[in-house]
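Residues per chain, in single letters:
Protein chains: 2
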Amino acid sequence: MSTKQPPTPTPTATATAPVVTFSKYSKRVILKTILGRGDGGVGLVGDRVVIGGWVKTSKEVTKKPVPPPVVEGSKDVTCVEIIPTRLPFFRSIMKVFVGSHEPVREKLDSVVQKLPPPPPPLQQSSLFAVLQVSDGSCAASLQVLVDSSIERPSQVMPTGTCILAEGFLQQPEEPGKHAVELKVAKLLHVGTVDQDKYPLSKKRLPLDMLRDFSHFRPRTTTVASVARIRNGLTQATHTFFMTNGFLYVQVPIITTADCEGFSEKFHVSTLLGEKIKQEVITTDDTAGISSETVKASIKEKNKQIEVLQRSDSNKEALAAALQDLQITSELVALMEAKEAAKQKFESKASVKPVLVDFSEDFFSRQTYLTVSGRLHLESYARALGNVYSFGPRFQAQKSESKRNVAEMWMVEVEMAFSQLEDAINCAHDLLKSVSQWALDNCSEDLKFLSKRVDQTIEDRLKKMTSSSFRRISYEAAVEVLKQVKDKKFEATIELGAPLTEEHESYLADEIYKMPVIIDSYPKELKPFYVRLNDDGETVAAFDMIVPKVGKLIRASQNEERLSFLTTRIMELGLPKEQYEWYLDLRRHGTVIHSGFSLAFDLLVAYATGLIDVRDVIPFPRSHGKANN
Amino acid sequence: MSTKQPPTPTPTATATAPVVTFSKYSKRVILKTILGRGDGGVGLVGDRVVIGGWVKTSKEVTKKPVPPPVVEGSKDVTCVEIIPTRLPFFRSIMKVFVGSHEPVREKLDSVVQKLPPPPPPLQQSSLFAVLQVSDGSCAASLQVLVDSSIERPSQVMPTGTCILAEGFLQQPEEPGKHAVELKVAKLLHVGTVDQDKYPLSKKRLPLDMLRDFSHFRPRTTTVASVARIRNGLTQATHTFFMTNGFLYVQVPIITTADCEGFSEKFHVSTLLGEKIKQEVITTDDTAGISSETVKASIKEKNKQIEVLQRSDSNKEALAAALQDLQITSELVALMEAKEAAKQKFESKASVKPVLVDFSEDFFSRQTYLTVSGRLHLESYARALGNVYSFGPRFQAQKSESKRNVAEMWMVEVEMAFSQLEDAINCAHDLLKSVSQWALDNCSEDLKFLSKRVDQTIEDRLKKMTSSSFRRISYEAAVEVLKQVKDKKFEATIELGAPLTEEHESYLADEIYKMPVIIDSYPKELKPFYVRLNDDGETVAAFDMIVPKVGKLIRASQNEERLSFLTTRIMELGLPKEQYEWYLDLRRHGTVIHSGFSLAFDLLVAYATGLIDVRDVIPFPRSHGKANN
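Going down the list, the sequences are from chains Y and F.
Residues 61 to 688 (the numbering used here) are what the first sequence spells out, left to right.
Residues 61 to 688 (the numbering used here) are what the second sequence spells out, left to right.
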């Protein structure tokens, strides 16, 4: 343990009264409290600090010897100049003069204790590891100097090495981009890195490759900035709702209803850990029909579904078609099983479909991961007024997409006594508020990402804080898109058909170049619970499409009239018994109400410029991909 | 539309400048802004308001006729007394005098517009529905008077009826518990109730019966108060971490690791929606052994597990035993299947175990609902320092309990460069902070619940804000419990055995009567990732047990040393390949770190006095119970 250059305390700061604040729950100074100061930390020069973090980059530097500097003691003894290397001699001299005069000896001892340890004997030159260390509290790194006499450079230099170090803040010899640097006096901890195996050793791994190492990703400056902005947007979201008197409701993740008529859902079960009992199929009502005939009809049905699946808006029609397909498929499976059983009755390799008995499952029925919390939220809105939730929602979509993965966080809002216009106003205000928050509180990270990822992010956020939204009806949107000549869309645009991601993006990115609100959708393109307009054809719903990331918000005034809601459920052939509790809310004390859901991950993508949600979700889950 | 008693505006408030603020996203006044004022709303008497809410209780009242009151106009015309019923006459007289003199007529018209509509002709007496209406914004209700000429009392009186009503605030004729009441001038909406079918029609349904109607529960004053306190504690939690520089990280719900060695977990799968292919079992390595022999061994193993299951602390030993049991059970199943197949080879009713092929599942592997987010949180702590998460966690425990259900919300914290003591300090500070927040911001609801549910809740919260915690070692706790003579515990207390819920509660409720921190557990009683103390026997972990609700917090310094962690995984026979990413965090840039998890639902139970978590969770999920 040694220091080549004992620190020169500034007049205002002594080693015993550091200006820096140590973290409350760990004995170190958070780097933001040094680097986030207006002066970049210069005012703290001379302070003793302990810092901890991970090495981002490093280099080796050889320094010429410097003469031992002069150190001031505490104020009590400023009249005496003490040169640390001469300390033993000085002490013995003092002993002769002072003898056993206690007060003087005590004072002397206290001075000596406050002094930094004596430097090692002068060398010709010395080897330093110069590290850029980050602790994740801010985008900036602290320059840290580790003398080779304290630790071999090869031990501390690899990217990803963790250090906990004690030392003094000083001004760098050569003024550059660092206002202060840390001269390490003592290494309290080194967490080494196996360079050959550490995936982040290579410089600037592309984002898609980083996804394979989601447990290490936050150590990159980019993903760390995203994490801080994500945190900022979360805080801003809660603050907005707190301020406006909304109550936070934790809606369930495990649900019994196939919430929106989707068939792409996850089952939650304990049966898969146990044996699944096979119930041998004995039905005989397909006698006389060949499975080939039924298969042909399935082919036709599949074609229809393909058309519907081009957009996820058309949930109900899709749900109905999928249900139909499922019944037919089951029939084929039954018939094939019978045919197979006939052919291979004696064979051990026979494959038979299995019917699962859900009455034996944990909840004695089928349960799913929730697709949306809005239906449950309604129950609370119909008692407490304005409520919101913020949590993970799930879709088992197998298609690869930058904007949709299996597990996404949603902000959901439900307001009693509110109409669609109120939902639009609330969604507007929320977006304005969180965008302003990010601009105010995450400026350093936004600047870094502007430089590294996308120069337009600050502009985009500023636009969001103003009222620059374009509003058009679905019909008008179709008309506008039909006029487009310079672009060939994959799916044809026609009235009544859903708008695809491509259509929507073209409106926001190319035509209006700002967030676009599309309303007055035909009822067939929206879920069963959306309120029917007086025209009997369109519904009280809107989608907000924003540049770069697409559909950020889906909003609707939900149907409060029992008869209308029941009719829609019947029309779509949804299992009414699953929605009895939801219908109950209309039977007793019903009220008009509206709400929306915001895809939080897309908001983070919008604010950071990383437009693939898998890069802004800590541990993304998508088809075939769940690494940890 | 008519009013019997036009309002008497107060000198300070005119109908055109109401003091009340209308809600931002619905055209009504939130009741809290009236009833939550220091004066109980008296200062708003005379204001025109629109309010919305649900009827809690009601009665019918017959009132004697009152003479039409005198109404002041706006300040401009205070010299003129206008009696509304004489208005037509007054207007015609004025016309004669004023003629076509525009300014005067305009002024007169504006006065007339500000006047309430004229009352109906005097009746002998009038019938009123007197409703207590709540909109969920506060515990108090507003008294609302609806004249039978506006709406039949039977339409608006049933409990649960929703009304949106316009009217004037007035002081009740008979001073009682209400400072103001609303005299309805117009009913904008009535959501009726089918009294025979509405479950909350009966007065004061007990909490356990209410659970069957979780979608209606928040309309009861008790559950509404709980919802507001739950919201307050959520706000307080986020505020605490924001203030202390923690970053919020959304950890995944779908995980691949059987996180803590539990075997009681939920599978997430898309296979159950499809056919599950049966792979016929052809293994023959059990030849010669009877299934009866193996069954006997299972009985023995089950006994062992029963002992271990008495507490959930002993996760690893339990996990190992359960794994062992599972293998043996599978063997029996195989053997039985074979035996059955032999006997009923020709029978269609034969039952065979099915092996599920998870490579065909959505993620091409087995996935589960997360039991704890702490392991994933570590990845972010090892890059960003202090982090927390707040979300739902899952356990497929079949045992009925007031303190554990399948889906619970947890606050999880992970701090780099921190030791167990830091985790204790942070957990302390968090509890103090959120308790103080509840006392400061939820006093009305706490008072209501004190009266209705548990008189000690405010005291308990105050205790939490002070440092009244008792700290003892596991060994000392066992010693103390062994001395207990006046109570017979179901499970015997002995060194090395887990403490049961009953033991823990006895320490907090009966012996110390305050929160108890138990530390220095033997390693066998804690998960594999907890750091081994230098004695090689105990681990750096503590549990905090609080009166009434039990184990509120589990904390630990987690093992940062690769070799120790690997050894523990091997010792317990856990599937090492599932933890490679977690071990990676030790291979590259490891650091000491500690953290804890707080059972948020138990915190709500503690603060509200409703000690069954199913009563404080909006839509509880427990074995066999998932209603919506």
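Read the hints as simulated data drawn from the structure, not as lab findings.
Idealized CB from N, CA, C, for every residue including glycine.
Possibly wrong hints are sitting among the right ones.
[Said to hold, decoys possible] So the derived label-pair ranges between C-beta atoms look like this:
1. F:P635 <-> Y:T117: 28 to 38 angstroms
2. Y:Q496 <-> F:E504: 26 to 36 angstroms
3. F:A551 <-> Y:K507: 53 to 63 angstroms
Evaluated hints:
Taking the beta carbon of each, P635 (chain F) and T117 (chain Y) are about 37 angstroms apart, inside 28 to 38 angstroms as hinted. At roughly 32 angstroms, the beta-carbon separation of Q496 (chain Y) and E504 (chain F) lies within the given 26 to 36 angstroms, and the hint holds. For the hinted restraint 53 to 63 angstroms between A551 (chain F) and K507 (chain Y), the CB-CB distance of approximately 60 angstroms keeps it satisfied.
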